[in-house]
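J.: Line order of the protein sequences matches chains V and E.
First residue of the first sequence? That's 0 in numbering that gives the first Met the number 0, and the numbers climb one at a time after it.
First residue of the second sequence? That's 0 in numbering that gives the first Met the number 0, and the numbers climb one at a time after it.
Simulated from the structure, these hints should not be mistaken for lab results.
Computed from a predicted structure; not experimentally measured.
Treat the hints with caution; some may be incorrect.
What the hints assert, rightly or not - If you anchor each label on the Cβ, the simulated ranges turn out as follows:
| hint | chain 1 | residue 1 | chain 2 | residue 2 | range |
| --- | --- | --- | --- | --- | --- |
| 1 | V | Val152 | E | Ser165 | 42 to 52 Å |
| 2 | E | Glu72 | V | Asp183 | 29 to 39 Å |
| 3 | V | Gly170 | E | Val219 | 50 to 60 Å |
| 4 | E | Ala121 | V | Gly235 | 38 to 48 Å |
| 5 | E | Glu155 | V | Met253 | 37 to 47 Å |
| 6 | V | Ala255 | E | Ala86 | 39 to 49 Å |
| 7 | V | Leu256 | E | Ser165 | 41 to 51 Å |
| 8 | E | Pro189 | V | Ala255 | 24 to 34 Å |
| 9 | E | Pro203 | V | Gly262 | 39 to 49 Å |
| 10 | E | Pro189 | V | Pro188 | 25 to 35 Å |
| 11 | V | Ser158 | E | Lys135 | 50 to 60 Å |
| 12 | E | Gly64 | V | Gly155 | 23 to 33 Å |
As the list claims (entries may be wrong) - Computed footprint of chain V on chain E; a stretch qualifies when at least three of its residues, placed anywhere within it, have a C-beta under 8 Å from a C-beta of chain V:
| hint | stretch |
| --- | --- |
| 13 | 6-12 |
| 14 | 93-102 |
| 15 | 131-138 |
| 16 | 192-198 |
| 17 | 206-218 |
Said to hold, decoys possible - To give a feel for the contact side, a few chain E residues facing chain V, derived at Cβ under 10 Å:
| hint | residue |
| --- | --- |
| 18 | Phe114 |
| 19 | Ala117 |
| 20 | Arg176 |
Backbone N, C-alpha and C define an ideal beta-carbon position, used for all residues, glycine too.
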Amino acid sequence: MRRTIAAVGTAGLVALVAAPMTPANAADDATVSVLHAVPGLTVDVYANGDELIPDFEPGTLTDPLSLPAGSYDLQVFADGDSPDSGEPAIEANDVEVPAGANATVVAHLDADGNPTLSLFANDTAATAPGEGRLTVRHTAAAPAVDVRADGEVLFGNVSNPDEGTADVPAGSYSADVVLAGTEDVAIGPADVSVAEGANTIVYAWGSAEDGNLDLAVQTIDGLHSAPGGVPGGEAGLAPESDGAPTWALGLGLMSALALAFAGRELVAARARR
Amino acid sequence: MKTRTVALVAALALAGLVVSVTAAWSRLGPGLEVREPEAGPPVSASSGGAPAGSGESSSGRSRAGLDAAQAPERRPVRVTMGSVEVAAAVRPVGVAQDGQMQLPPDPRVLGWYRFGPAPGAATGGSVVLAGHLDSKRLGLGPLVRLRDLRAGEDIEVTLSDGTTSSYTVVELRRFDRQALPAELFSRSGPERLHVITCGGEYLPDAGGYQQNLVVTAAPV
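Bound-form chain V, shown alone (with noise of 0.2 Å):
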């Protein structure tokens, strides 16, 4: 099993912000999705000040939306709260959002409980024929965990709001979650189906100590890359030569001799008349 793993924290946020910065135009959007998680509040989320999602409910993803790459103001208010009206519950200021970027906003809560943003880019580089990406997202009220699929740890020690990240061969995997170092399950087992050329990102949300822990999943598609070939045959038995049928040639040659000689006879008995 190939696998490239990265833990991808804090820092990564940093360098998505980091990414060169272009002025904002049609041709330079970015790819977000936002994903609400952060149980027990229907929310409306505002960017800017001005209302990107209304009603937005625990466990819910939306689709990708194009944004204008620059930088935002994040606001997540309860529903029916607005920045007119109340103070929100959930802020992040500047997130810059770089042109050609895809990237997953998520409300959640951090490690202590408290409402918080965070920003993840997803790695959408091709993946190898006959493999899929998993990510796997910490952002639940809980400790540091080990991913394990089938039963092996995939991704070690991952705390909120960290990532692991492996393309591994298509298919489904049995995936639970335990605490760091131990075997006390926190979350499934599941199965979790890794699509061929695409990411899978599973994030792991709500509150352990309220008992409240589940599973979200986003899938990225279109990465795929086409199959180094085609084997052939192994015997031999059926050989083509490179140019013409060796009778094509052949048959051609001769029309042509066979044309030439009537050609002269025609000319012949004609000037014998």
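Put chain E on the given structure of chain V with help from the hints.
T.: Quick look at chain E alone, frame taken from chain V:
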């Protein structure tokens, strides 16, 4: 020699020339090129909705639970190519250890690339069937007759739900084994059926057959 005899020889010779040139052309000449630009794979599933700051309510959303329903499987189980009398079972295959498309070891069975679209898929794109030309243990398979297929002939694919998808051959192309275009495995754009086997010279010391023979067919 009588003029009539000479004229007969000339006519026969002309016919011979025509036949030989036609035969050579069908082997050497460019196939019937019906190509349409392939769109690149989309990087994101979809994008839409109102841009930030427009004040409009946003695009769709969905429950992000783990229990997403799987579409019922619909896969090719059999393929027939009328005029060349190819009739073969089809089974799903993936990718081999070496990154090449996996093929059933039996040359009488074709593999369907299960990571790509099935016939009639909403996404369009390329349905890929491929098989070994021959095997050391089982000898020649039916795909040896693929090279005799011509543009305009029919290919029928039977699916696991009992339905049949019909295609018409558009062109035959040959590619060096190292240079099979990735677009043959396109997962979007107009639907195409690609039937692939090997061809060209057989050089045992250079990996065997040197080319891939690719039949491209379009839905009827």
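J.: Does the structure break any of the earlier hints, and which numbers would those be?
T.: Result: hints 3, 8, 10, 19 break, sorted rising.
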